[in-house]
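J.: Line by line, the protein sequences give chains L and C.
Start counting the first sequence at 1; every next residue gets the next number (this note's numbering).
Start counting the second sequence at 1; every next residue gets the next number (this note's numbering).
The hints are simulated quantities; they were obtained by calculation from the structure and are not laboratory data.
This one's a predicted model, so the numbers in the text were calculated from it and none came from an experiment.
Ideal Cβ placement from N, Cα and C applies to all residues, glycine included.
Among the clues, some could well be false.
[Unchecked claim] Take a look, some chain L residues computed to stay more than 12 Å from chain C by CB distance:
id, residue
1, Gly13
2, Lys17
3, Gly26
4, Arg45
5, Asp56
6, Phe57
[Said to hold, decoys possible] Pairs of lysine-lysine, PhoX-like flavour, derived with a Cα cap of 20 Å:
id, chain 1, residue 1, chain 2, residue 2
7, C, Lys50, C, Lys14
8, L, Lys80, C, Lys80
9, L, Lys14, L, Lys50
10, C, Lys50, C, Lys80
11, C, Lys80, L, Lys50
12, C, Lys80, L, Lys17
13, L, Lys50, L, Lys80
14, C, Lys17, L, Lys80
15, C, Lys50, L, Lys14
16, L, Lys14, C, Lys14
2 protein chains.
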Amino acid sequence: MRVVIVYDISDDGKRFKVARVLEQWGLARIQRSAFTGYLQVARVRDLARKLEAMIDFDSDVIHIIPVQPQDWARVIVLGKPYWVAGRVEGAHVLS
Amino acid sequence: MRVVIVYDISDDGKRFKVARVLEQWGLARIQRSAFTGYLQVARVRDLARKLEAMIDFDSDVIHIIPVQPQDWARVIVLGKPYWVAGRVEGAHVLS
């Protein structure tokens, strides 16, 4: 399933570690604090548990959002994608 | 349609203005730089054009992501929701 993972993490070190984990899990960065990619359902739960252990529950929040392929194809991107366009597959700019 | 809007805007003033517009359009804040809510398709395009005019295309990026109601019901929230729990309707914490 495609997921979009968005996070709001205050501590620089924790935020960098979360970004590194998401990269290691094969997700593509679309913003400084947002990633997307395909994961099997069981892997999503494993990733959620891993991330859960990395954050401060008093200040941080992470959303893991399932997105249908047809919805991802309709994503509107305004401005400059974080990463090279080729990695933000399926997204397009509003004409 | 439900949308999740996530932004990465460098300038504080522009970022605050974008957040204010999203609040004015009736969207609920789920993170410092992420909102969600229901908008008619035509309104989504209007909002995209409005936001497009507010950002710096060299440094900023906004994603407007359509999300199915059944997908939103499966969202995993880790940590502390930005807003009071009642406004993040449909979301649940991984057990």
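J.: Each hint needs a verdict: does it hold in this structure or not?
T.: Here is how each hint holds up against the structure:
Residue-level check passed: Gly13/L sits 16 Å from the nearest beta carbon of chain C, beyond 12 Å. Annotated as non-interface, Lys17/L keeps its C-beta farther than 12 Å from every C-beta of chain C; the closest such distance is 14 Å. Every CB of chain C is more than 12 Å from the CB of Gly26/L (nearest about 18 Å), matching its label as outside the interface. Non-interface call for Arg45/L relative to chain C: violated, since the shortest CB-CB distance, roughly 7 Å, does not exceed 12 Å.
Residue placement check: Asp56/L does not keep its beta carbon more than 12 Å from all beta carbons of chain C (closest about 7 Å). For Phe57/L, the condition that its CB be more than 12 Å from all CB atoms of chain C is violated, with the nearest at approximately 5 Å. At roughly 13 Å between alpha-carbon atoms, Lys50/C and Lys14/C fall within 20 Å of each other, so this suggested pair holds. Of the supplied pair hints, the one linking Lys80/L and Lys80/C is violated, its CA atoms being roughly 29 Å apart against a limit of 20 Å.
At roughly 13 Å between alpha-carbon atoms, Lys14/L and Lys50/L fall within 20 Å of each other, so this suggested pair holds. In summary, the hint linking Lys50/C to Lys80/C is not supported, as the alpha carbons are separated by about 30 Å, beyond the 20 Å threshold. Of the pairs offered as hints, the one joining Lys80/C and Lys50/L holds, with about 16 Å between alpha carbons and a cut-off of 20 Å not exceeded. Only pairs whose Cα atoms come within 20 Å are accepted, and Lys80/C paired with Lys17/L is accepted, the gap being roughly 19 Å.
The hinted pair formed by Lys50/L and Lys80/L fails the criterion: a straight-line CA distance of about 30 Å is larger than 20 Å. Annotation: proposed proximity of Lys17/C to Lys80/L holds, straight-line Cα distance about 19 Å (limit 20 Å). A threshold of 20 Å between alpha carbons decides the hint, and for Lys50/C with Lys14/L the separation of about 34 Å lies outside it, so the pair is violated. Distance hint between Lys14/L and Lys14/C is unfulfilled; the C-alpha atoms sit about 26 Å from each other, more than 20 Å.
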